[in-house]
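Undergrad: Make the full structure from the sequences, and use the hints.
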Amino acid sequence: MIAPLLSERRLLITVGSGGVGKTTTSAALALAAGRLGRRAAVITVDPARRLKDALGLDDLSLDPHRVEVEGGSFDALALDTKRAFDDLVRRFAPSPAVAERIFANRIYAEVSRELAGSAEYMAMEKLHELVHTGAYDLIVVDTPPSANARDLLAAPRRLSNLIASKAVPLLQAPMSLLSVGQSTVGRATLSALLKALQRWTGLQLLDDLAEFTAAFEGMLDGFRERADEIAALLRSEATSFVLVTSPEASTVDTAIEFHRDLVREEFPVAGVIANRVVAFAEPVAVATAAQRWEEPLRGKLLRNLAELHALSLHDQAALEHLQSITGLRLLAAVPQSTEAPTSLAALGRFASQLA
Amino acid sequence: MRNATRIVFVTGKGGVGKTVVAAALGRYAAERGRRTLLLETAPDGGLAALFERAPCGPEAVPVAPQLDAVRVDARVLLEDYFRRTLRFAFLAERLFASSTFNALTAAAPGITEFLLLDKLLGIAEPGLGRRRRYDLLVVDGPATGHALKLLRAPRNVLAMVPGGPLSQTAHRLRRLLEDHRRTSVLVVSLAEEMAVRESIELCECVRDELGIRLARPVVNRVFPRRFSRAEAAVLAARGAADPLVAAAEFAIARRREAERHVAQLRRALGENPVLFRQLFAPRVGAEDLAALGRTIGRSVLAEGEEAQA
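Read top to bottom, the protein sequences are chains A and B.
Residues 0 to 354 in numbering that gives the first Met the number 0 are what the first sequence lists, from first letter to last.
Residues 0 to 308 in numbering that gives the first Met the number 0 are what the second sequence lists, from first letter to last.
Treat the hints as calculated values from the structure; they're not laboratory data.
For each residue, glycine too, the CB sits at the ideal point set by N, CA and C.
One or more of the hints may lead you astray.
Just a few of them, taken from the derived set where beta-carbon distance is under 7 Å, the chain B residues facing chain A [as the list claims (entries may be wrong)]:
hint	residue
1	G13
2	G14
3	D207
4	E208
5	F222
6	R225
7	P242
8	L243
9	A246
10	A247
11	A250
12	P281
TA: This is the structure we're talking about:
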């Protein structure tokens, strides 16, 4: 069920809560595509140290790195969200002088570290960059563990919205705006807003913000254009979203929410991949096997199996619940393995479970 | 400072069981006579459900004797602030609807977090002439990233805003957070690679960068030890064709891995985490909550008392 996705799509985006194995799944999807002969790349976000090491990604480079695994290869790239924003500013600032002014700006220091949605935004920007190289048949995007789809999908627009909004003229030339021909109520609203903001933040903050937004204005058109292109790409027929979940109740709930948001925004969802699924038979099925053992070990073995079976039932019910609410196809149910998939060999085995 | 309101801030990676830990701690403290308030920061109502109640709202409601629960929504706090500041209600509504306001608050760093902390401050330090309603505030906090954003907010605001009433509040907040007698951060983890890694980074950040006291970390859902080493050897000799052996090997491997991760956490943080076992039932029941409360409550509350004395 996954093979057609891997052969036909140009873009796969994995979404889901944190801790479900999204990054590993994304890398495994890229590998599986590579094994089918496609030129594939995966954009990962803040991967685990060991996975990063296994993929040969160091902390210094933001460029894709070729990964060879038995039967196939793919390119991997890890987004370091802390540095990616600086990189973006450097690339798109109209001049190095403007870039330096931005880096020196107090607001920038806070914004670049904590801009709402920056990780999601960076993933989308990187995606745009890779698509434009034309080097890949398929790009798999591992998304940051966002709380919801809205954060993720709104991210490309969020920064450009801030700059494009009336906050810019308001902050740059507050007094001039009041003299523009507006209704009494309009002017009163603006005046009140200004006073509230100034009382709240202190004038200096507004100056800093004004300078920051002024500096960014030069890049605004570029941001907006790319945001539009990314949005179109996300909705194209060559794109599919893949939900990744584990049988844990909280991750299933997150997957359901994601699905709802994606469907509402009319994004194409191909199905769900479930990781860390536990599947053990019930004790009655193994009565013959039990006879070979003696107490107290037999009792322990049966109790253990009973508990693991209880977990299995729980997992099964959770996935059925997910499928019945969303109508999604279960693309793969990957069993819980006791090896952490952080070696290339383990990644290769994981990919074999998918396709 | 003997009777100051204490705050325990529960956080950790997404999905580790923060809400359950916060609820258990709150229940334990309330049973021991402390007037406790549970504050939920997520919108999903999971906290109240553990006490079999309807989801919390913006007004505190009792969920157990001496135990209240409330939901704090940063967005609601922000709107309240501006509603109070702008004299006419219709101006406030126009403001909230405007893309300007939404764009600013969505992208501006730390403002909504700051309001959340301010609310906490208002409950913990109600001011002269007002009675403290609670002895303990347990915050069912957001996951790591957002939690750090929250805890950094006072410092961020102080860095951006040199003076004025806002920075005064920021100073008070910083003092409250960094007061080891009153505030602690309880990190919840799982015995898994990514959770442990994230927990270590989080603890180091909280302790070293922010100077906030750490409660003993809690490792949740630790797979139980069922087979002795001798038994494991017997099983290994038998071979995995037997389904009972296969299941046992799985459990042994899971346990071994869990122990490895717990050891890693212990080494990195230099202290013994509190362990709570994996539950095999589908839901967390009242008994489980009580057991968890007993396991962690003693250490969390006792530490505080030592710090206060």
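Undergrad: Going by Cβ atoms only, is E208 of chain B closer than 7 Å to chain A?
TA: violated, 12 Å
Undergrad: With a cut-off of 7 Å, does the beta carbon of A250 of chain B approach a beta carbon of chain A closely enough for the hint to hold?
TA: Constraint on A250 of chain B satisfied, holds at 5 Å.
Undergrad: A closest beta-carbon separation below 7 Å is what the hint needs, so does P242 of chain B meet it against chain A?
TA: holds, 5 Å
Undergrad: Would you check whether D207 of chain B satisfies its interface hint, that is, whether its CB is within less than 7 Å of any CB in chain A?
TA: Violated - the Cβ of D207 of chain B stays beyond 7 Å from chain A, reaching only about 17 Å at its closest.
Undergrad: Given a cut of 7 Å on the nearest C-beta pair, is the interface hint for L243 of chain B held or broken against chain A?
TA: holds, 4 Å
Undergrad: Hold the hint about A247 of chain B up to the distance rule: shortest CB distance to chain A must be less than 7 Å.
TA: holds, 6 Å
Undergrad: Given a cut of 7 Å on the nearest C-beta pair, is the interface hint for R225 of chain B held or broken against chain A?
TA: This interface hint holds because 5 Å falls under the 7 Å limit.
Undergrad: Take the shortest C-beta to C-beta distance between F222 of chain B and chain A; is it under 7 Å?
TA: violated, 10 Å
Undergrad: Should the interface hint for A246 of chain B be scored as holding, given a Cβ-Cβ cut-off of 7 Å against chain A?
TA: This interface hint holds because 4 Å falls under the 7 Å limit.
Undergrad: Holds or violated: G14 of chain B as interface residue toward chain A, Cβ cutoff 7 Å?
TA: OK, holds: G14 of chain B within 7 Å of chain A, min 5 Å.
Undergrad: Is the hint on P281 of chain B kept, meaning its closest Cβ partner in chain A is under 7 Å away?
TA: Check passed: Cβ of P281 of chain B comes within 5 Å of chain A, closer than 7 Å.
Undergrad: Should the interface hint for G13 of chain B be scored as holding, given a Cβ-Cβ cut-off of 7 Å against chain A?
TA: With a minimum Cβ separation of about 4 Å from chain A (threshold 7 Å), the hint on G13 of chain B holds.
Violated hints for the displayed structure, listed by number in ascending order: 3, 4, 5.
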